[in-house]
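Engineer: Now for the letters of each chain:
Number of protein chains: 2
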Amino acid sequence: MAPDPETANYAFNHTMIRVKDPKVSIKFYEEVLGMELISDAKFESFTLYFLAFDHSGGKLTAEEKAESRFSREGVLELTHNHGTESDASFKGYASGNSDPGKGFGHIAITVPDVEKACQRFEKLGVTFKKKPSEGTMRHIAFILDPDGYWIEVVPGKIEGLGN
Amino acid sequence: MAPDPETANYAFNHTMIRVKDPKVSIKFYEEVLGMELISDAKFESFTLYFLAFDHSGGKLTAEEKAESRFSREGVLELTHNHGTESDASFKGYASGNSDPGKGFGHIAITVPDVEKACQRFEKLGVTFKKKPSEGTMRHIAFILDPDGYWIEVVPGKIEGLGN
Chain A
1 MAPDPETANY AFNHTMIRVK DPKVSIKFYE EVLGMELISD AKFESFTLYF
51 LAFDHSGGKL TAEEKAESRF SREGVLELTH NHGTESDASF KGYASGNSDP
101 GKGFGHIAIT VPDVEKACQR FEKLGVTFKK KPSEGTMRHI AFILDPDGYW
151 IEVVPGKIEG LGN
Chain B
1 MAPDPETANY AFNHTMIRVK DPKVSIKFYE EVLGMELISD AKFESFTLYF
51 LAFDHSGGKL TAEEKAESRF SREGVLELTH NHGTESDASF KGYASGNSDP
101 GKGFGHIAIT VPDVEKACQR FEKLGVTFKK KPSEGTMRHI AFILDPDGYW
151 IEVVPGKIEG LGN
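As you go down the protein sequences, you meet chains A and B in turn.
Each step along the first sequence adds one to the number in UniProt numbering, with nothing skipped, and position 156 is 156.
Each step along the second sequence adds one to the number in UniProt numbering, with nothing skipped, and position 141 is 141.
No lab work stands behind these hints: they were computed from the structure.
Certain hints may be false.
Unchecked claim - In silico SDA-like pairs for lysine to any residue, Cα to Cα no more than 20 Å straight-line: (1) B:LYS65 to A:LYS65; (2) B:LYS59 to A:ASP4; (3) B:LYS42 to A:LYS116; (4) B:LYS129 to B:ASP147; (5) A:LYS116 to B:LYS59; (6) B:LYS116 to A:ASP21; (7) A:LYS65 to B:LYS116; (8) A:LYS59 to B:LYS129; (9) B:LYS102 to A:LYS59.
On a predicted model such as this, the values are computed, not experimentally measured, just so you know.
Could you build all of it, start to finish, from the sequences and the hints given here?
Structural biologist: Rendered as C-alpha cells:
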C-alpha cells in the first residue's frame, strides 16, 4: 500500500546496541569496518557513541559529520553503561541469537567484494561466525563484533559513490 | 583515525530482527511508520522481508526498490520463522532491553515533528514506551512494535529531500 503522506519524510536513522568496552568496540568499528565516530554524548551513568560510514568522499568536515547524526540513515549507536568494561562480574551482552534473549539478529554491511573483505578480516584477527567457504550460502559471511553481536557481510554497493 | 581505504565503499545496509507474525509486523511498519516492503525471500522454514523508506519522492519503480536492497542504507530485515504466528506455546521474542537477553536496544526513526508524529501514533493505537511528555527527554519518544521492540522517535530530517 502507498505510505501515509504524513510519514513522507521519516527515515530509519539508527540502530542501538549496548557494548561492554567502548574503546574496544570503537576501535573495531573504525579500524576493521571503516566506520567513523561522528558524535558522542556523555551522561552520568552512560555514554552514547554514534558511528557511520562517510559516503561523501571525504568532503564533510568533522562538524558536518556530527550534524549528520540525525539527517542520514545507517548510523550505529553504541551505548556504554559506565563500569562494565572493568566489572569482573559483568557477564556480557546477549547477541540476540539464542534463548533466552532471542530476538535481534544482526546488523549487516555491504562490501564490494566479500572474499576480499573476509581475507582482510582474517588478517586482522576478526572472529568469524561463518566464513564464505562454510555452509550453503557461499556469497555471504558472518563476523562477530567484540561483544559477540553478529555482523553479516553481504555483497553490494551504495549508489552514487562512483565505485 | 582515517578509515582503511579498503573499506571506502562499505555501508551499513540493514538491521535484522525476528518477528512472530509478518502480517502484523509488515502492516505496522508500512501503515504506522511509512516504510515499504521492497523485497522478500522465502526459504523452507523461514521467510525474510526487507523494508525501507522511499526517499526518491516516488520516482523508483517496484523493481528498482527491490534492487536497492543491497545498494542503500536504512533497510530493516524482518525474519519470520514459519509457525510462530500460530504457535500457542511460542513465548515471543526478547526486546533486548532486560535480562536475560539484554544487548540490542532499539531502532530509531527520524521524523520532522515528534509531537505531531506521536499524536498520529496515538490515534493509530500504537503502544508507547515513553511519550514526549514523560521523563526528562521531552524531545523524543519511544514506541513499541508488534513484538515489543523499542523504536525511538527523534527529530531529524534526511538531507536532499526538499523538506
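Engineer: So, for every hint listed, does it hold in this structure?
Structural biologist: Each hint, compared with the structure:
1. At roughly 27 Å between alpha-carbon atoms, LYS65 of chain B and LYS65 of chain A are farther apart than 20 Å, so this suggested pair is violated.
2. A distance of roughly 16 Å separates the Cα atoms of LYS59 of chain B and ASP4 of chain A; the hinted pair therefore holds under the 20 Å criterion.
3. For the hint linking LYS42 of chain B to LYS116 of chain A, the alpha-carbon distance of about 28 Å lies beyond 20 Å, and the restraint is violated.
4. Proximity of LYS129 of chain B to ASP147 of chain B is assessed by CA-CA distance (about 13 Å); at most 20 Å being required, the pair is judged to hold.
5. Taking the CA atoms of LYS116 of chain A and LYS59 of chain B, the gap is near 34 Å; set against the 20 Å cutoff, the hint is violated.
6. In summary, the hint linking LYS116 of chain B to ASP21 of chain A is not supported, as the alpha carbons are separated by about 37 Å, beyond the 20 Å threshold.
7. As the CA atoms of LYS65 of chain A and LYS116 of chain B are separated by approximately 27 Å, the hinted pair breaks the 20 Å bound.
8. Restraint check: the Cα-Cα separation between LYS59 of chain A and LYS129 of chain B comes to about 39 Å, which exceeds 20 Å; the hinted pair is violated.
9. A hinted pair counts as satisfied when its Cα atoms are at most 20 Å apart, and LYS102 of chain B with LYS59 of chain A does not qualify at roughly 38 Å.
In this structure, the earlier hints numbered 1, 3, 5, 6, 7, 8 and 9 are contradicted, and the remaining ones agree with it.
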